[in-house]
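Order-wise, the sequence lines are chains A and B. With the working numbering as the guide, the letters of the first sequence map in order to residues 1 to 393. With the working numbering as the guide, the letters of the second sequence map in order to residues 1001 to 1280.
Derived from the structure by calculation, the hints contain no laboratory data. Keep in mind that a hint or two might mislead.
Unchecked claim - Going by beta-carbon spacing under 7 Å, a handful of chain A positions derived as facing chain B:
(1) E330
(2) F342
(3) S380
Ideal Cβ positions, reconstructed from N, Cα and C, are used throughout, including at glycine.
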Amino acid sequence: MKTVYVDNNATTKVAPEVLEVMLPYFSEYYGNPSSMHFFGGQVQKKVDEARAKVADFLGADPSEIVFTSCGTESDNAAIFGTFDSYPEKRHFISTRVEHPAIGNVCTYLGRKGYRVTELSVDREGRLDLDELRESITDGTALVTIMYANNETGVIFPIEEIGEIVKAKGISFHTDAVQAAGKIPLNMKKSNIDMLSISGHKLHAPKGIGVLYIRKGAKFSPFMIGGHQEKGRRGGTENVPYIIGLGKACELAKKHLDEENTRIKVLRDYLEMKLLEKIPNTLVNGERLHRLPNTVSVSFEYVEGESILLLLSDLGICASSGSACTSGSLEPSHVLRAMGVPFTAAHGSIRFSLSIYNTKEEMDYIIEHLPPIIQRLRDISPFWKDYLKAQEKG
Amino acid sequence: MWDYTEKVKDHFLNPRNVGEIEDADGAGEVGSLACGDALRLTFKLDENKRIKEVKFKTFGCASAIASSSALTEIVKGMTLEEAGKVTNQDIANYLGGLPVEKMHCSVMGREALETAIANYRGQKVAKEDFEIVCKCFGVTDKEIERAVRENDLKTVEQVTYYTKAGGGCGECHPKIEAIIEKVRKEMGREAPPIKPEKKKLTNIQKIKLIEETLGREIIPALKADGGDLDLIDVEGNKVFVALRGKCSFCPSSEFTLKQYVETKLREFVSDDIEVEEVKP
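Isolated chain A, as found in the complex:
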């Protein structure tokens, strides 16, 4: 059975070029970059090179790049590191549609007595910037708002938000885990103080992340230990992964155009064909400001897990915002925050593409998904009710 992998917002394939540059650093060049001897020193040079590549990719200075273990660590470090620097401030602003790496930290801090404002989104997944303006107070330490949503791909107006936040002199963090590699990022022309990225979302392996920290931004280390990362993150450098991430960022910069042309065309093609072939199908989130690789579609009156398993049976790997797939009982917090009706929220499927996807693969999905939806609708008690109601007008 062939595998059609269209779940790239969950994780991506490690690029062969990335794996290749990593391998010598497991076996041959295993020195500790902090060591005084040549054996460590040569590794230090490679880590510096990787840092420069990541910085170049983000339009940042190498000194502003801090390597972490994952996107979640970067997010946690940004929030806790900011609060540690502003002990007198106990308020922060985020949104209702963040990844759990931010969302659950909000809940945790809320329980610890911090005040959290979680901005709402409209039916299209958009923020109301007036709500943001009104939420900022003298006690606000941090605004943390994701760059692009992992489920719908909706992109927030991060630069506009940055202007509002910086005008008030408040720290601004963005979780750009889904945006990095899909849309251009340039810290030189930005108001962002801190930005999180994750290696395995851009064809580097799992277990490596980055926190960009603007020069001069107030930050206290989250992981306390040695002098590594200029004292901003203790722990011996994960050398092979850092080198892999450097290569991945170099490739991501090169592929950015392809993401926004060929991949976008494939995504649009898939979306258009599914809407055309399957009745009662809706796209979740605004389509204009959206990641080029992501589409979230809802098929009314059927449930997402059933769709995923039938797709999986054909080798197609996607994901769902339905309740049953997450282990929780409620559909995705993102779709609920957007007010997607229950008829559709439970039947949502996300396809997320990468540069490794082809038109043939899209055609394979387009061929096999409509009969799957029809089959589940034939089993669903609500579909017939719906058709009857339609007949009556």
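Once you've looked at the hints, dock chain B against the given chain A.
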């Protein structure tokens, strides 16, 4: 990915008895679109009053579809008396087991069957004297009690897996705990918790016992409502605490302190305890 048995996969990929009987003798529907799963069951009896034909339509995940399919296979040929005795465990067993988080799918099958049988008999499923405990999923105390009894459930988490109750906002967790305790007492499965004997305590013992009681009896319930509490100091019989999280600005915090925290501390530590709030 869920670890489904081959039998679950088979009944999901090749569901038996899908459809609706137009002139059914009995019909029952449970669940809703909002809940994420629903099952409509219809059956027809033969001249010997045995289930001749039974069909289902299900909206839901793979295990909901498989449970419905299994249910129809189990009850085919049964009298209604026999069918009425089918439990959710029977459905799960027929499928070679379900992941524990998915047990509510088997419960939905049993409920639909009961509703359909009651419909045949011209009864309404007894819905009097019930209280909706879980508002998110509309689960009643009676349904929770039954799931606890029939499946020997011990924790709130298990109740959520079997009935969905408590799987939303979590506000009802203390109520579910109370139901579990009540039912298990009735079942004779658990002796009521032994209260520690109150003897003269040293200061250190007293503080330790206060901390222990707060941690066991009080803080979990506050946390379920998004609140928290810190012990600040103990002076003689006076216990100073600070309310955190939602509790700190909750208008009924005074009530919480006096009626709840103080009562528990008096019960477990000492009869003369007085609780006072320290404002931040």
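For each hint, the structure was consulted:
Taken as an interface hint, A/E330 checks out: its beta carbon lies about 6 Å from the nearest beta carbon of chain B, inside 7 Å. For A/F342, the interface hint holds, since its Cβ comes within 7 Å of a Cβ in chain B; the closest pair sits about 4 Å apart. Hint status for A/S380: holds, given a least beta-carbon distance of 4 Å to chain B, under 7 Å.
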